[in-house]
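Since chain P is already given, all that's left is putting chain S on it; use the hints.
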Amino acid sequence: MIDASLNEIEALTAKAARGAGLSWGLSEDTGKAARWLAACGSDWAPGLVALLGAHDQLRGPLDTNLHRQLSPLFAGTYSADLCISETALANVAYPLWLLPFAARVAADRRNAVRVSWDGLSVVVWPVGCAVAGSQSDLLAARAEHIVWAPVMPGAAPAGSAVDLPHCVRSAIRRADWRALEALGARTYVPASVQSRATGAGAGLTDND
Amino acid sequence: MKRSIEPEPLVPSIAARSPETVMRLARMGAAHPTRLSFLRTLLRRAKAEKWQFTRPNWNIGADGFGHAVYRVDTPASTLSLVAFSTYLASENRTDRVIADAWDSSYVLYDGIPDAAEIERLSTAAPRQEAARYTQRDLTLSRANKSVRLFDHVVEALSAGRQPDPILVDKVGYLMRTTAVYGNGKFGIADREQVIAHPALRGPFQAEMLTVWLIRCFTVDLAEHSARAKSPETAVPLDREVRQRLGVGNATGLGMAPFLVKHPTLIHQWVAARETALARARSIEVAGANEWLAFCEALQAAQRLVRVWTTDEPTQTTRTKVLSEELTSLDARARQLEATSRDRLWDGIWKWASHNLSLEGQEMTLALLLEPHGELIDDLADTMAVDEDATFRIDGRMTCAELSLLIEAKAQWVLPLDFATRQAQSRFWYVSEEKLEPRLGERFEEPGSECEMPLATARDLQALQTGLGKARGEDLVATFLLAHPEHRHTVRRLQQTAICPYGDIRDNLIDAVMRPIDILRLKLAFFGANRFDPRSDRWLRITLFRDAPFPDELGAGAQ
Chain P
1 MIDASLNEIE ALTAKAARGA GLSWGLSEDT GKAARWLAAC GSDWAPGLVA LLGAHDQLRG
61 PLDTNLHRQL SPLFAGTYSA DLCISETALA NVAYPLWLLP FAARVAADRR NAVRVSWDGL
121 SVVVWPVGCA VAGSQSDLLA ARAEHIVWAP VMPGAAPAGS AVDLPHCVRS AIRRADWRAL
181 EALGARTYVP ASVQSRATGA GAGLTDND
Chain S
1001 MKRSIEPEPL VPSIAARSPE TVMRLARMGA AHPTRLSFLR TLLRRAKAEK WQFTRPNWNI
1061 GADGFGHAVY RVDTPASTLS LVAFSTYLAS ENRTDRVIAD AWDSSYVLYD GIPDAAEIER
1121 LSTAAPRQEA ARYTQRDLTL SRANKSVRLF DHVVEALSAG RQPDPILVDK VGYLMRTTAV
1181 YGNGKFGIAD REQVIAHPAL RGPFQAEMLT VWLIRCFTVD LAEHSARAKS PETAVPLDRE
1241 VRQRLGVGNA TGLGMAPFLV KHPTLIHQWV AARETALARA RSIEVAGANE WLAFCEALQA
1301 AQRLVRVWTT DEPTQTTRTK VLSEELTSLD ARARQLEATS RDRLWDGIWK WASHNLSLEG
1361 QEMTLALLLE PHGELIDDLA DTMAVDEDAT FRIDGRMTCA ELSLLIEAKA QWVLPLDFAT
1421 RQAQSRFWYV SEEKLEPRLG ERFEEPGSEC EMPLATARDL QALQTGLGKA RGEDLVATFL
1481 LAHPEHRHTV RRLQQTAICP YGDIRDNLID AVMRPIDILR LKLAFFGANR FDPRSDRWLR
1541 ITLFRDAPFP DELGAGAQ
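Just so you know, the sequences run in chain order P and S.
Anchor point for the first sequence: position 120 equals 120 in the working numbering, and the numbering is continuous, going up by one each time.
If you want the working numbering, it's the position in the second sequence, counting the first as 1, plus 1000.
One chain only, chain P, in its complex shape (with noise of 0.2 Å):
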């Protein structure tokens, strides 16, 4: 295992989902999803690696293909974007990874988010979630349905919800690591002779 920090996640990330072919700017969001699934302690990667591995084949959003399933980065993004604070999904690929953009409706209308799939209901709040119900569900590589509501405030909060704790490292799998490096890999450019000779300036040794 790795231990990580939460800025070398987002990094890690961003870079991975734009290798795997998706925008900067959705790069960006990916990062800071990957970096708040982490901080609440889940098992992020693995997920992460499969669903940048489907678009990295797709080249598109997930939802045009024939598996039919709508990509969380986008349902999520495109959610967060118009700040929804309720609204029904169907077939969604790896839906933990719309936790953390509820949690950006979440800050931004100061009321916490409920996402619930299968037997599963998790509260979301800016920087933690509470799960009710099996959390190896929050690993699933499929939801068919999702609801995605504001708690009521004074709202009971569910019988058996467990805080997930707030953490500022991560520790991941090599796999996982040596996955996300390898799509991340695809956004540099190799070294060419000019670029060795002027890509970042002179090249000298600095006996002075």
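Be aware that a few hints might be false.
Reference listing, derived: stretches of chain P covered by chain S, where coverage requires no fewer than 3 residues with Cβ under 8 Å from a Cβ of chain S [to be verified]: (1) 1-8; (2) 80-92; (3) 108-120; (4) 129-139.
Over the 12 Å line for every Cβ pair with chain S, so calculated as not near, a few chain P residues [what the hints assert, rightly or not]: (5) Arg18; (6) Gly41; (7) Pro46; (8) Ala54; (9) Glu144; (10) Ala149; (11) Val162; (12) Leu164; (13) Pro165; (14) Gln194; (15) Arg196.
Hints are computed from structural coordinates only; laboratory data are not their basis.
These numbers were taken from a predicted model, which means no experiment stands behind them.
A virtual CB, placed ideally from N, CA and C, is assigned to each residue, including glycine.
For chain S alone, kept in the frame of chain P given last:
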């Protein structure tokens, strides 16, 4: 002469300079440090809070290699700089960030490192980026000797002499850093954890503390080496000579994307500085003490310019002109003061802005801020920002409204003609070989498909064109769903609309753009001086020259 009895208003009667004036590359490239620069903020805080400095560990051998620990006790927490000195073959000594070995390496540590932690850092820090770090490690840095000055100082001190003052002034430092990493890089602590230390609140305070303590280490190491060479005859550096030694730094393109990626933060920095200028200019009657402080600052600036050397022709000319202008400024300011102290600072500013070069104008700004700590130092607390607060795109805006926003807030972009090769001659990219930002020639080199999003002007024009094809009443969120390629531009536009000093109003991919102009603004906010361009893409600077050492904090102004 009439006396001011009312406290000076915090809301100045004179407006701040406009972003259109301030945020041009030519003027950014003439920026000078001010009392709001980050190293000055650090020194003021260290003095006000009576930080205690000790060196609990000095484990350096007669060969000059080993480690040392510098401990800083602040009211709320203890921090340590762990310094390592290691052998470096001269053929491997390079200022560039791409090096893989250095004379010395450093970690600013959260707390007091025990033997196991020092052992861990002793294997990691000399390897820099090639190693991994923990959340106890707040910054990571390295520095190489200025061989000509370091060897000379050791030689002179070991023989019982002080070093040649001309050489001391010419070089200005014993070592120069080639990177000071913060904010989570390679596993070190995230900024959120760093600023949990009240001592390190504000921009780049951990980095500035690191460099300040590195300065101590460089002097200690030179004195140690002199004693090791000749214990009977060696002498320490005279305080007056020591004070003229700062820490050098070599900075290149790696820093440039930061200014584009952090518009709200840059806005806060520049807005603070411009507000400070407006406050100083709004003073009705200049005080006698402030006048004396201005004169002293002007003399210090003249001394600085005399030792500001560079081989780069453009900067050489500009520094020479600045030297002459400071003489004119001195004469003109005295003339104005002799006539009246009413609106003196504004009078000096107006004269400077009409008669001096950009270097001269920006230096005048720094000089006008210098006497007015009580009036402006509070602005240092406004220079940090929660960048996440403006990250969310407002997708409820219509395309027509967004298009109007471009016309209202980013007018400067519209006349640029990106059909010409000159306007899009360059592209920014990350090099696979070195994982560092680079600047390429679009029409001569491969790789422009991997261009970084730094072509702010071109991208804004493209967005305007895209919006022109959309229906005006469509929501931006819908537009971005179909055109995610504009997403980064929309975000930045919405941010700079409310943070106008965060937008550099020049084309960053133009054939004649000078990257060092971007770097200089940031370096000036750090508190750097003696800017020494080594090409149009990287430069050397000095930090903390003439600043007090920790054992001198009690005396004098910071």
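Status of each hint after checking the structure:
For the region 1-8 of chain P, the assignment as covered by chain S holds, since 7 residues bring a beta-carbon within under 8 Å of that chain's beta-carbons and 3 suffice. Coverage of the region 80-92 of chain P by chain S holds [criterion: at least 3 residues with CB-CB distance below 8 Å; count 4]. Chain S is given as covering the region 108-120 of chain P, and this is violated because 1 residues of the stretch bring a CB closer than 8 Å to a CB of that chain, at least three being needed. With 0 residues having a beta carbon nearer than 8 Å to a beta carbon of chain S, the region 129-139 of chain P misses the requirement of three or more and the stated coverage is violated.
For P:Arg18, the shortest C-beta to C-beta distance to chain S comes to about 9 Å, within the 12 Å cut-off, and the non-interface label is violated. Residue placement check: P:Gly41 keeps its beta carbon more than 12 Å from all beta carbons of chain S (closest about 15 Å). Residue placement check: P:Pro46 keeps its beta carbon more than 12 Å from all beta carbons of chain S (closest about 21 Å). Against chain S, the non-interface label of P:Ala54 holds: every CB pair exceeds 12 Å, the least being about 16 Å.
The non-interface label for P:Glu144 is consistent with chain S: the shortest C-beta to C-beta separation is roughly 22 Å, beyond 12 Å. Taking the minimum C-beta to C-beta distance to chain S, about 19 Å, the non-interface status of P:Ala149 holds against the 12 Å cut. Once the 12 Å rule is applied to beta carbons, P:Val162 is consistent with being away from chain S; the minimum gap is 24 Å. Under the 12 Å C-beta cut-off, the non-interface status given to P:Leu164 relative to chain S holds; the minimum distance is some 18 Å.
The non-interface label for P:Pro165 is consistent with chain S: the shortest C-beta to C-beta separation is roughly 15 Å, beyond 12 Å. Its closest Cβ contact with chain S, about 5 Å, brings P:Gln194 to no more than 12 Å, contrary to its assignment away from the interface. Listed as outside the interface, P:Arg196 is inconsistent with that label: its C-beta sits roughly 8 Å from the nearest C-beta of chain S, within the 12 Å cut-off.
Hint check: violations occur at hints 3, 4, 5, 14, 15; the rest are consistent with the structure.
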